[in-house]
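Trainee: Take the position in the sequence shown, starting the count at 1, then add 43; the result is the number in the numbering used here.
Because the hints were derived from the structure by calculation, they are not lab data.
In this text, a Cβ means the ideal position worked out from N, Cα and C, and glycines have one as well.
Simulated pairs of lysine to aspartate or glutamate, EDC-like, Cα-Cα distance not exceeding 20 Å: (1) K450 to D677; (2) K555 to D609; (3) K516 to D490; (4) K404 to D368; (5) K601 to E650; (6) K555 to D631; (7) K172 to E106; (8) K516 to D531; (9) K404 to E415; (10) K172 to E109; (11) K420 to E430.
With beta-carbon atoms standing in for the labels, derived distance ranges: (12) V70 to L283: 22 to 28 Å; (13) V373 to L435: 37 to 43 Å; (14) V373 to T282: 41 to 47 Å; (15) F334 to G355: 17 to 23 Å; (16) L456 to G362: 32 to 38 Å; (17) R138 to T394: 25 to 31 Å; (18) V70 to Q405: 56 to 62 Å; (19) A527 to V199: 44 to 50 Å.
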Amino acid sequence: MNAGALPVIVIAGIMFYVGLYHLLMYVRRFQQRVDFSLGVAFLAMGCYDIFTAGLYSATTWVEGFEWQRYQVLALSIAMVMFLWFVADYTTLRSRRAIALYTLFVIMTAPLAFLNPGSIAWHQTTAAIKHFLLPLGIPVTYFEVAPGWLIQVQAVVTLAAFAHVFQVIAVYRDSGSAQRARPLLACSILFAAGIGNDMAIMSGWYYSVYLVEYAWLGIALVMAFSETRTVGEAIVMKETLRISEARFRSIYINASAAIGLVAPDGHFIMANHAMCRVFGCDSDRIGEMTIFSRLHPDDAPVAHERHRSMLRGELDVYRGETRYLDDQGVVLWQDLSMASIRRWDGCVDAMTVVMVDITERKQAETDLRLLNEQLEQKVVERTTALREANQKLQDSLMKLREDEEAGKRIQFSLLPDESRTIGSLQFGRYLAPSMSVSGDFVDYFAIDATHTGFYIADVSGHGVSSAFITVMLKSFMAVSQERYAAEGDPTILHPDRLLAQLNSEMLQQKLDKYITLFYGVLDVEQSVLRFSNGGHFPLPILCDRQASQAGRAHSIRGKGAPVGLFDFSHYEVSECTLPETFTLVVFSDGILDMMSQGSLSDKVTHLEEVAYRCGADIPALVREFGIEGHESLPDDVTILAIRRVQAWQTEKSSSTNPTTGSSSV
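Given the sequences, and given the hints that come with them, work out the whole structure.
Mentor: Structural data, given as structure tokens:
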């Protein structure tokens, strides 16, 4: 045996000893996978050292090639296990890069060992390295030249070390600087040894292979770290034992309910008071969750707060929450929750503290009832007919004020009477038959190429119908927000939007229905997509460039009123828009203002007036004499839309919808 192989044999024995030690530690504390990965890495390096001793004792490059193959195989295993050791040591969450490197080694290591087609080693090309050590000691390595696969393995291994140093830096910055130091030292030693040996194997310079000595340094670093850890653990264990005994006594016997829950809500541990809240003993508390006996009305809020803590939006939550005992009696609890997070920010557990405030809540309820009773007695003793009459007058006045306030609120929800959106000009007019209106109209920009509008007529009159228009406005606003925030395309599809609105109105049992025309103007494709939910009269499209017969016509679409039938089906229709156009839409109240006898005559007259007046809202109002009536038989609404520039101009000059207040 070559004299240079003796130190390596000694190091191999140390590697096997350290590897078996860590595997034994893994068996005794199997949850610590760091011992398993490090132990296997040391055993692989022990095998590598044996193969290195064989290489040092080789006398021909053919014999040395056999040892080289085994060396690379053992070193590949050691490298893979070292990466998993780093992941376990730092509790790394995302291990995709390490898994990819492991898969790479599994695929390439057998090829490097078997060397098909000389892809890993040039078996016929000797790479004998002969040099003198500083004391004049001659050293000779009988090897063969590495192939392209070995070079690829070397590059990928260096990239893996770069990932290791990145992981260590993140781990150090997370508050674990002291634990990161020995890991950094081990990684530097291993990387330096690998880099040196790769350079020697590639023939960049001749020197002694160092990776086996680097692992001897790793063993010393880990031994020093373990020694310090064990010493600190002995002192800490005794301190913790005393502290834990004191804390457990306080914790178990505390009057407040205290517990520790897992991220999924299940109890990990709880004191006697917490067990009493959930009606179980300490052996069964692990079957319970923090939501087990939660009052149904408080469950949605509690679940949302819990999800917010898991997402990192909340660290601490406190609020009054109701629980139920075995008999269904409500127990009010002042609930406090705080998250315990790992270094990577994920929730590891949550502390829960509950203080019973049932008696306080009952006292508050009794006091409130007592105050109400006292106030009632005062009212009963001081009420007189004169005051009752005065109250009646006040109520009537209040009702009139409320109606006026309702009108102001409703009209504040309407869009500007005149607005420009891109190349489209919108105008509207609404005259209610009562203080508030059952008609409604709106227009809005959806995105850069789509503009929506609708005209609606709620069944009935007065406040109840006006409330439905407010609900309709809210529904449309929510649909726009969903499109902007989540990409929900319902607002772009009139048939889907009407179907969804129909479903919601039927679910809420409003006993009201809406006739609704909803359209989406696509300025890019010059198309109007619309659905008609029972609205009449039909919208009138005016094209001043068309022939006499086609210059003003109603665009047809059919569909049932919204909120009337659960089997209603709505269709979407498309209408190609001319270069310049005017679209005028009336509510059915306009028909009551007309003197023509038949319905067809009224529709024909509407088309003639729409073409003659175009989008001039004041002219339309004058044409039908709407302003001259003191009281209208029905709400009257007019919506007018017209083009102000060519579609081609808009495509080239407008990327975002704009709004303005220019007159139509």
